[in-house]
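Chains B, C and D: place on chain A using the hints.
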Amino acid sequence: MSWFLKGIRKGIKTEKEVKEIAPWATSLIGNGKFDDCPTKALDNGWNSGKCIFCRKCYPNYSPSGDYRMGSVTRRVPLFKRSFYLYPIDTGSCGSCNVELKLISSPQYDMTRFGIFFTNTPRHADALVVMGVLTDGMEDAFRRAFDAMPNPKLVIALGSCAISGGLFGKGVKADVIIPGCPPSPPTIIDAILRARGEK
Amino acid sequence: MIIEYLIIFTLVLALISVKWKRIAYALLSLDSLFFIWFGINQFSLLNYLGVFSIVGGFVWFFSSLFSIFYDHEKWLAPSFITSILGMQIALISSTYLQFLAGYEIMTIPAYFAIGVNRLMKSPAFTFMAFGEFSTVLVLVGFLDAYLQTGSLYFQHVFTYLPLVLVSFGFMIKMGIFPFLVTEWLPIAHGSAPSNLSAILSASMTLIAVYGLTRMAILSPSDIFLGLLLMAIGAFSTLFGSLYSYVNEHVKGLLAFSTVENDGAILASIGLYISYPNHVLSLFALATVTLFVSAHSLAKTGLFLSTGLIQGESISSSNTLKDTFSVVGVVLLTSSMSGLLPTLGGVATWALLESLFMDAFVLHSVLSIIPILVGTIIAMGEGFATAAMIKYVSFTQIFKTSYGKDIRKSAIVLTVGVLVLIAGSLSIFLFPSFISGTNLGVPPGFLLSSRFSSSAFGGIAPFFILFLIPFFSLLLILVFGKPKTRTAEVWNNGREIKDKYTSFAYSNNIRLMLRKLLRTKVLINGVEIAEDIFWIAMLKISRSYIKFSKLIATAYMNSDLRIYMVYMIIAFIVVVLLVVVI
Amino acid sequence: MRMIGQLGEFCLYSDRIEKGICPERETLKKENYRSIQGFTFAYGPSAGGLLESVGIDLDTFGEYISDVKVIPYKIRKVRVKSIIDNSILYVERINGSFSASHTISFITAIEEGLGIEPPYEVKIGRIVEMELERIRNHLIVMQRVVEAAGFSVPSFQLLYLIEKVNRVIAKSFGHRYFYGVNGLGSLRFYEEIKSLEEIKKEYKEIYRGIIDNRIFIDRLQSNGVIVDKEGIGPVARSASFKNDARNDGNYAEIYKELGFSTVTYDEGDAFGRFIVRGEEVEESLRILSSINLHSVEYESKKRNNEGEGIGRVESPSGDLAYYVKVNENIIKEVYLFAPSSYNILAFSSSMVKNIFTDFPFNWESFGIWLSEVGVIFE
Amino acid sequence: MISQIVEAIVQVLGSFLLAPLYVGILDKLKGMVSSRKAQSVFQPYYDIFKLLRKETILPNSSGLIFLYTPYFVLATYILISFVIPVVYPEPVFFTPVVDFLGGALLFSLAAFLKTIEAMESKSNLVALGVSRVMSFNFLGEATLITVFFAVALSTGTNNPYVESHFVLNPSNYLALDHVLASVSFFMLWLFETGKLPVESSGLNELGMIDDSLTYEYSGKPLAILKWGSYLKAYLLGSVLLNVFFLPWGLFTGVLGSIIDVGVMFLKWLLLISIVLILETSLAKFRLFKVQDFLAVALVLSVISLFFSVVGYV
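Chains as they are written, first to last, in the working numbering: chain A, 1 to 198; chain B, 1 to 581; chain C, 1 to 378; chain D, 1 to 313.
One or more hints might be untrue.
[What the hints assert, rightly or not] Result set (DSS-like, lysine-lysine): computed pairs, CA atoms no more than 27 Å apart in a straight line:
1) C:81 to B:499
2) A:33 to A:101
3) C:81 to A:19
4) C:229 to A:10
5) A:56 to C:69
[Stated by the list, open to error] Computed list of chain B residues with no C-beta within reach of chain A, every gap over 12 Å:
6) 29
7) 95
8) 157
9) 248
10) 249
11) 362
12) 372
13) 399
14) 432
15) 439
16) 444
17) 465
18) 487
19) 489
20) 491
21) 528
[Said to hold, decoys possible] Here chain B is said to cover these stretches of chain D; the calculated rule only asks that three of the stretch's residues, wherever they fall, bring their Cβ under 8 Å from a Cβ of chain B:
22) 48 to 56
23) 271 to 280
Hints in this document: simulated from the structure, not taken from any laboratory. Beta carbons: idealized from backbone N, C-alpha and C, even for Gly.
So here's chain A without its partners, still in its complex pose:
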């Protein structure tokens, strides 16, 4: 049977509401200081950008179930209906790469928001940085940023890209998507906000 018919029979699987969040990819709540935090994310309250969600602080801190962790410092409303992402892996472990890929899965379907991936920074509106900025990729990162036409955004995906996490240094970004790795709903939510929605 042809894939056309199979596809039609399967129906549309895109989810209107976000379902089934992995608990350790949501913001943490708790109180007090926790000295054993490997990335010092709990020095002054909970720092989402530094947290690697390692559960060491559990049960002092526990996941709240709120996946909307992204924060945006610059919005570009021009991208409201058309937003092309160029992912660049500057030194990730690979899980951010897969999670980013999964925002295109039928469940989340980024394309319904007009979000797409592209294979050249020239067509891109945003550079999605994943992983720590390793020495080997520093040059490529700079080139990719330079290759993009204005207006453009830099999105730091995951704690490595934001703060360096366990491994090193992060990058300066307009949009921050915390998580280790961030789940697809977190990513989509932050992207939508970067476009001036919500």
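Coordinates of chains B, C and D only, in the frame set by chain A:
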């Protein structure tokens, strides 16, 4: 009569050039302008052959102008001018002998170029052998015509035998399939300097076609000879353009493109000879002149542009370029790729149109030939576009330059613009096919193809030339100019170290057409048998030489240079005789 | 007995280690030449067609590949030589997609060194982790291959399944990539694994539909052939060698109990690797459905204060091994044999003589993760 | 004359403005078959609108050709939209500027310009794609020309409008030469517009054919090139519909021309549904197999030419 003085003047220039070459070149360009005027006069009397003189004049004008800034070699100027002298003699000739003399004088520089390059022994002697063979064929053809009419003057002949002989004679000189394997054109042009290559490639074809057309006009039509020439022409187009596409030599690519164009021209001559009906053969004749003009002008420009390139292999050459030469070469290559509204585009259109009209007119099993010819030529055009994009990309666009030379590139640009504008003027070559409509194209602008009183198709090149820039301007007005910022080429986050090579550009076709090109993938590269018939030809030429040894042991047996000296002396004598007579 | 690869200063065999450099693999040797007409086409490190950052130098004279070099661009420093708890955090994040395999192999090595015997349930739990990880990773590989063929409907169906598997993992282990799940002799586990039946049914239909497509098969067949008796993972199994750490690695006897059977194919090309992965997903699903995992809390005791050990498990792309030397609570020395280091070699030697457009199919079929190659232990 | 000008304007605007919509509809439906809600059908417009407002990056030392040739490319397609029956079934103003073959040569002109401008970016990845595009050029161009001539040889004029009237007659419509030419042209259309099984635009650079031509472009020229490729797909597709597949249903007159825009929309929905089935069921051919695919198209069109002339004997 004036024109004869002009020839003597050219002869004098050839002598002057030994000492003062720049002056000779400058005067030669003036001389060429006179020739254009001569051609216009001829054409205004509805003589299609006048077109050859006009085009020849333009070719010599631009190449001699270019030579003023280009010539660095000692013996170049005299041979360059001698070659032009030969062409002039051929173009104004009224007898077979004059024509032949002119033709041989014209080729002297080619012999010279090859004789000097003694490293390539076997191609050189093959070239010689085929050159001689071709001359013999033309000579026999003329002899037969003379026997039929009893006159040495070009006159109507009664059988098509002379035409057959002359056609094959010229086909060899034009490097037509299967003789393209003699590779004489590619080799001759490959080793010649740019300005010499320009006139050799552009006008040698011009003169051969001139001779052929002249004989065709004077001969009775014959459908089978016509169809045969069409078929041969089609294969030349295909193989010429394919070999041009996979060629790595700056001039070799262009030389094979000449083979391709010669094939297309031969196909249109074939169509003219096959004479489907009066209207269509008139259209075909005009197509011949149009195609020759398109090829000669654009090829001149392209060969001149090779004067901006240092080195022989396209991949490793260096280039002088600036906006002028880039735009110029783009225009020239677009004409060579058969794109409207350039001269080459109109020519391609006319050729394909006439071929398919022929198929419709014949309306029999024979239609299969023009259909296949049309299809093969269309494929050839596809390869030609690829070859031309290779040339323009890897000599101008894709390459960074090491400097510029405005004077030379201005000439290249001028030829390019001429080729673009001449596309619209080319409809004057079809005086009885010009019409107009009430749908936006007024009378005088529409070139309609016809095989009877009603139109088959039509184009208005001037309107294309005008409308595309007009719409472009409109789009710029509507959308505005882009805001720009310069940045590095995006190469996946890395600096570009090795650039894509022109060899690699055409390697797909080497791999795809493995059987046709007999590609061998070796451990460290790719080898193709560009010369499928080369070995066979080599054998033929060897046995021909053995045969000719019996007749002319005197010169064929000895060194090539002696043969050359003989040729030069023999034909200088002929020139003097001809001019004096 | 088979050779696996270089593990630090040892050569690792399936039954032992030997000090020194491993003998060269004859099948992976390639002549180093550069063609006269050729040049180096640089692809990557940052490209749309690559999931990770990796530079690929393709020596070519146009479309045809005469040599391949794979250059890891992202090289991370991993501070594993610290207290065990912290080093586990690092090891988890060496390769997110193989996180369970890495962590389990690492922990197994430590356990061996310190003489810890984890309870049976923990071992079963670890197998559940690794099999779920294998399913997800095989699905990712298949999705990448299918996507490269422009086969859009099955590509999205596979993405759908990947997300579904991720959700299953998250529900049972609290994290989609098993971060923070494993510890010495322990396992964090929330709830029983459910909804695998649905995945099984959907998967079967998708998989059959993909390998029914002639055009798709044609793209993979005879692409990137590699027949290496001493190969690892799907690469070896696609060439009919039953090389699998589930038969001879650390958890072999439990796999045996579960009735695990090795999947092989006999072509050794990209299609063979695709089939092996495809059928292994089914085998893993079968194994998982026969396991009933319960949430239990464990406390393990160590017998030694120092020691060294080797943990070897079958990651989705082949044998993965850690050698760990541990003293008290501190890791002294760590060596890693990552399957991708072998797969990169296998890939580069199998890619020669193919053409550029075959590249994505062959590359993806190896399931290489550069993140586990580009690490330096500190 | 006034009415012809109006009809021309309707035809050109009807092609120019609606061309992106058909791509949008196809993408939306493809997405839906892939179990997704998918993007809006207006996504191509959104993309173009955004790109027009973005900056353009000039790769180092590229110049005027890189920047301005896209305008010429789009202008060429606009000119073509005057000359072939893509909305209105009768010749309109400026239609005589080129005949059907001339139209084919104009398509080649646009392709040439696109290639040249892409090469000016001096990117290796672009050169890789261009080398592929060019290696199929001989078959593509030959098929385009021979298929257009199938029209000429069945009617005795090189005029698509005559053909579209000619095939209204069922016996001509079902004639073998017409059927073969239609199939051949459909295959060519799949190739020219980068559809499966020949090509699909994915993220992989090493698989790019036509996508490479816009790889280095950004901002306005990219928007214009995108629009150009939408328009090209529309023009060739409408010829396929009006001259080969579905010559029926078009109205004449000024009012008729406006209705024709709607009729074309319906015809396109049919073409889109055929393409949808292909695009969602097939995978991409191996690179060198594309050659075989095109060779089949060429041979079919040549056979069609044979039948159309020899059929009279």
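To see whether the hints hold, each was checked on the structure:
1. A C-alpha spacing of about 44 Å is found between residue 81 of chain C and residue 499 of chain B, which places the hinted pair above 27 Å, so the restraint is violated.
2. Our distance criterion of 27 Å between C-alpha atoms is broken by residue 33 of chain A and residue 101 of chain A, whose separation comes to about 35 Å.
3. A C-alpha spacing of about 40 Å is found between residue 81 of chain C and residue 19 of chain A, which places the hinted pair above 27 Å, so the restraint is violated.
4. Between residue 229 of chain C and residue 10 of chain A the alpha-carbon distance is near 42 Å, which puts this suggested pair outside the 27 Å criterion.
5. For the proposed pair residue 56 of chain A and residue 69 of chain C, the alpha carbon gap of about 41 Å is over 27 Å, so the pair is violated.
6. The claim that residue 29 of chain B lies off the interface holds: its Cβ sits roughly 47 Å from the closest Cβ of chain A, which is beyond the 12 Å cut-off.
7. A cut-off of 12 Å between C-beta atoms confirms that residue 95 of chain B is not in contact with chain A; the least separation is 66 Å.
8. With 12 Å as the threshold on Cβ separation, the claim that residue 157 of chain B sits away from chain A holds: the shortest Cβ distance comes to roughly 65 Å.
9. Remark: the non-interface label on residue 248 of chain B is consistent with the geometry, its nearest Cβ contact in chain A lying 30 Å away (cut-off 12 Å).
10. At the 12 Å boundary, the C-beta of residue 249 of chain B stays outside the reach of chain A, the nearest C-beta of that chain being 34 Å off.
11. Non-interface status of residue 362 of chain B relative to chain A is upheld: no Cβ of that chain comes within 12 Å, the nearest being about 45 Å off.
12. With a least beta-carbon separation of about 38 Å from chain A, residue 372 of chain B lies farther than 12 Å from that chain, consistent with its non-interface assignment.
13. Its beta-carbon lying about 22 Å from the closest one in chain A, residue 399 of chain B satisfies the requirement of being farther than 12 Å from that chain.
14. Listed as a non-interface residue, residue 432 of chain B keeps its Cβ farther than 12 Å from every Cβ of chain A; the least gap is roughly 53 Å.
15. Even its closest Cβ contact with chain A, about 40 Å, leaves residue 439 of chain B beyond 12 Å, as expected for a residue assigned away from the interface.
16. For residue 444 of chain B, the requirement that its beta carbon stay farther than 12 Å from each beta carbon of chain A is met, with the minimum near 47 Å.
17. No beta-carbon of chain A comes within 12 Å of the beta-carbon of residue 465 of chain B; the shortest separation is about 32 Å.
18. The claim that residue 487 of chain B lies off the interface is violated: its Cβ sits roughly 5 Å from the closest Cβ of chain A, which falls inside the 12 Å cut-off.
19. With 12 Å as the threshold on Cβ separation, the claim that residue 489 of chain B sits away from chain A is violated: the shortest Cβ distance comes to roughly 9 Å.
20. Remark: the non-interface label on residue 491 of chain B conflicts with the geometry, its nearest Cβ contact in chain A lying 8 Å away (cut-off 12 Å).
21. Non-interface call for residue 528 of chain B relative to chain A: holds, since the shortest CB-CB distance, roughly 33 Å, exceeds 12 Å.
22. Check on the region 48 to 56 of chain D: 3 of its residues sit with their Cβ under 8 Å from a Cβ of chain B, so the three-residue criterion for coverage holds.
23. Counting residues of the region 271 to 280 of chain D whose CB lies closer than 8 Å to any CB of chain B gives 0, so the stated coverage by that chain is violated, three being the minimum.
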